[in-house]
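*Asks:* Each chain is listed here by its residues.
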Amino acid sequence: MRVVRLLALPVLLVLAWWAVSGSSFYLPSPDRVGRAFAETWFSERLVLDVLPSVGRLLAGYVLAGLLGVGLGVLIGLSRRLRATLEPVLEFFRAIPPPVLVPLIMLLAGIDTPMKVLVIVSGCVWPILLNTVEGVRALDEVLSDTCRMYGVRGASRMRRFVLRGASPQIMAGLRQALSIGIILMVISEMFASSSGLGFTIVLFQRQFQIAEMWSGILLLGLLGLALSVLFRGVERRVLSWYYGSGAERA
Amino acid sequence: MLEISSLGKVYESRGRRVEAIGSITFGVGSGELVCVVGPSGCGKTTLLRCIAGLLPASAGEVRVAGVPVTGPPPNMAVVFQEYGRSLFPWMTVRENVELPLKEKRLPAGRRRELVGESLTAVGLIEAAEAHPWQLSGGMQQRVAIARAVAYEPQVLLMDEPFAAVDAQTRADLEDLILRLWRDLGVTTLFVTHDIDEAVYLGQRVIVLSSSPTTVMEDLKIDLPAERDQVATRSLPRFGELRGHVYRQIQRARGTR
Ligand SMILES: Nc1ncnc2c1ncn2[C@@H]1O[C@H](COP(=O)(O)OP(=O)(O)OP(=O)(O)O)[C@@H](O)[C@H]1O
Ligand SMILES: [Mg+2]
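Residue numbers (the numbering used here), protein chains in the order written: chain A, 1 to 249; chain B, 1 to 256.
No lab work stands behind these hints, which were simulated from the structure alone.
The structure presented is a predicted model; accordingly, all values stated were derived computationally and were not measured.
Quick reminder that beta carbons are idealized off the backbone N, C-alpha and C, glycines included.
Misleading hints may appear alongside valid ones.
[To be verified] A short list of chain B residues far from chain A (calculated; beta carbon distances all over 12 Å):
#: 1; residue: Thr-25
#: 2; residue: Arg-63
#: 3; residue: Met-91
#: 4; residue: Asp-194
#: 5; residue: Leu-223
#: 6; residue: Thr-232
[Unchecked claim] Which residues of chain A face chain B? A partial, calculated answer using Cβ under 8 Å:
#: 7; residue: Asp-139
#: 8; residue: Asp-144
#: 9; residue: Thr-145
#: 10; residue: Arg-147
#: 11; residue: Ser-155
#: 12; residue: Met-157
#: 13; residue: Arg-158
#: 14; residue: Leu-162
Chain B on its own, in the form it takes in the complex (with noise of 0.2 Å):
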């Protein structure tokens, strides 16, 4: 569904050079849910952009179902990492998951089921008529991926979309995205620098270097698929795929 071959990117501007990622391949199987750890800051937003067709690669190319990827693809949802600054302000939290429905000429009762499913599916029903600001930052960012999820998209991209919230709410935002992902069968691809939540999240997780960024491991996560927050990570092999791979970011930050 997403392939990813010898992508790069280079910073360019006057005086100054950075060479975020170096070389990235991988591919995202239809209906997989994969996970992208790595330093913070070795591009791993960059590395979205990329693929979402917000940022022009230096090198190398994406492919969306085997089609290269020039712009936003029609068939891509992304949560952002500054999820608070994603939702239009001036928009009640409707109105911010039905705008790209809009777009989409969506007959009006279509949009308002898709609405009223997507925000009962993150618990936000009664906040529809307030205002992004009116909610706290767990609440902003379950309105992020309410609209990423009503608007049905192919593939999911997600940046670090829970680096801002409590340990309590992150576990429930976790359990959200896998039962969206379980019933939507959307192809996702989850980016963070949390290793737990990778290894959890995962059905395979890619280890990233620091920059110039590679791919360090594609580790394929051998988890029971049915995943809950006390079971699964109480489980030795949890243990043991989340040791391998703090390992493996440790060396990643060594070898800079």
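Here chain A stands alone, though its shape is the one from the complex (with noise of 0.2 Å):
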């Protein structure tokens, strides 16, 4: 029953799209394009394209995590900085990261440092935001607890700061996971000689209209993998959150 429920809706569509499919050139039916993504993609593309665009969305996710949640921590422990940083932190916030892709070109060259750069620049913002949020709003109670109790260092900031603010983080977690895949894809179309990006555009130009929709697919799947793969963890590291149901008050 639950598998009817996930299912119909995609084969819905699909069908829908059979329907419209062939009404243009630049609509493919759906038997054409799932030809072509298995051409496309399950050759060496996956290894030379594929693959490293995921690598790099990872690596910039990765660096932006740990970047956004220290100096996240740091800014939400100090009144002081949080006072002198919050007004420029909400301006770089609210820049377009796509905007910055010829700025870095210009700093980082155009291979893969400037890559995992824009992608880094893109997430950074919600991670730090969310995780200021997080470490402002930490219990007092809970804070007076672990000095009554000698609950310091390096313990406070595990047992306490990080696991008090983590729905706060996994929520800017979440929030720049979908951003590092638009950006992913945005700083391969800048030049660029390989990526899912770049393929898509060269698709495009060479009216490979086919594989162009594969890869358009595979973007959409990838998205797909990685937030259930995010829900998944989620799941588990905030299971006393939603236990508490605190997430309905």
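With the hints as a guide, bring both chains together as one complex.
*Replies:* As structure tokens, then:
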């Protein structure tokens, strides 16, 4: 029953796609796209384009995570730092990351470091700001409890600060994940010779329409896989939070 | 064991100045159980936080075993008024009780022993693997008490620990405190706004005025050492003491 409900809408969508396909050169039928998908991606492109893209995405995402959580904890714990930095942070967060690509290209060239940097520059803000918020909102009574019972230093950081802020940190990480995928593609559309984003643009320029669609499909599947993975991790990390019903409050 | 001398506390924030505590002086002997009563908002929590070293005093000083308090002393445990918020929701009951022991670097065997004993004492050994939010308010309060007890403090501070539980649970918890206090011989300062509770539990009752707070009276409770919810509370002397404290508190509020 669950399987039926889960698959009903996708199946309907594919059927609808079938119905309207063929009406235009730019809208090939699902079976053509499916064939193109298998031919295009189950080939050396998997190693040459897909894996490097995903690798850069993960590298940028992890770096942004470390940077965002690290700085976020520092800023969140210090009232003075927060007051000084918050307006500036909001400004940086408001800049759409894609416009930084030309700038970062000047600074870091057009290779992997540039692409990773682009991903970091976009992903870091939601993580940073959410972490600051989470740390700032830590319960004072729990903080007093830590002081009273000698919980300090690294232990306090691990058992209290990071755990207590984890709902907000995870929310930031989730926002960052979708931003990361977008930036992965965009960074490869500028001055690039490999990668998923590059390949899709290439197909489009060469009028390989079915192949282009298959790339879009692959991106969608990649996003879906990553978000399913993320949900799994989140469920584990935040089981106490969902259990306590705090998210409904 | 505990000496509070001319303690004063003024809260100062932008444009607002609250003199929460005028000047408070009293002592608590080693192994004594002293209750502090006072009208709501008179600065009981403030007093407790100053004693615990969580809040710097504006005047006077607090000494624990002769040592001036500048930060939380290592041999002191506190049960907070907001007990629900004082338990870590991401830890089980057992982990909550064990955490301070880990910080004390006790060996695992000794930790297991202490956690087991204290949870058994408060009747929650079955709930050891539950999370705090799966427990009722009264059970959460008992976890907070178990954590304080397992810590083996020399001084135990409690801030209106039973304000939010029903009458029956409250009576049970009161007797639990008395039993633990007797078994452990820990110096205990118990803050409450409930006059009956103060007289029932305390060897002495300190009556506070409304703020700026001073000690109105330091009353010795000359009831038999063995307390019983029904027998003790129906003693004529219990009624007299209660009435006395009640009138003092009325006076305290009148002088505002
Ligand atoms: N952080 C603070 N900043 C400013 N004023 C405060 C602060 N905390 C408490 N006060 C003030 O100090 C006074 C005493 O507060 P306190 O919480 O110590 O009272 P209490 O006796 O514990 O009250 P209750 O019985 O309701 O718990 C109150 O007038 C309160 O408004
Ligand atoms: Mg209080």
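*Asks:* Compare the structure with each hint and give your call.
*Replies:* Against the structure, the hints come out as follows:
1. Thr-25: holds (24 Å)
2. Arg-63: Label holds. Min Cβ-Cβ 18 Å, cutoff 12 Å.
3. Met-91: Per Cβ check, Met-91 of chain B is inside 12 Å of chain A; nearest 8 Å; violated.
4. Asp-194: holds (21 Å)
5. Leu-223: Correct as stated: the minimum Cβ-Cβ distance to chain A is 31 Å, above 12 Å.
6. Thr-232: About 32 Å separates Thr-232 of chain B from the closest Cβ of chain A, which puts it past 12 Å; holds.
7. Asp-139: holds (5 Å)
8. Asp-144: holds (5 Å)
9. Thr-145: holds (5 Å)
10. Arg-147: Because about 5 Å separates Arg-147 of chain A from the closest Cβ in chain B, which is inside the 8 Å limit, the hint holds.
11. Ser-155: Holds: closest Cβ of chain B sits about 6 Å from Ser-155 of chain A, inside 8 Å.
12. Met-157: Violated, because the Cβ-Cβ distance from Met-157 of chain A to chain B comes to roughly 13 Å (cut-off 8 Å).
13. Arg-158: Violated: closest Cβ of chain B sits about 11 Å from Arg-158 of chain A, beyond 8 Å.
14. Leu-162: Violated - the Cβ of Leu-162 of chain A stays beyond 8 Å from chain B, reaching only about 10 Å at its closest.
Against the hints set out earlier in the document, violations occur for numbers 3, 12, 13 and 14.
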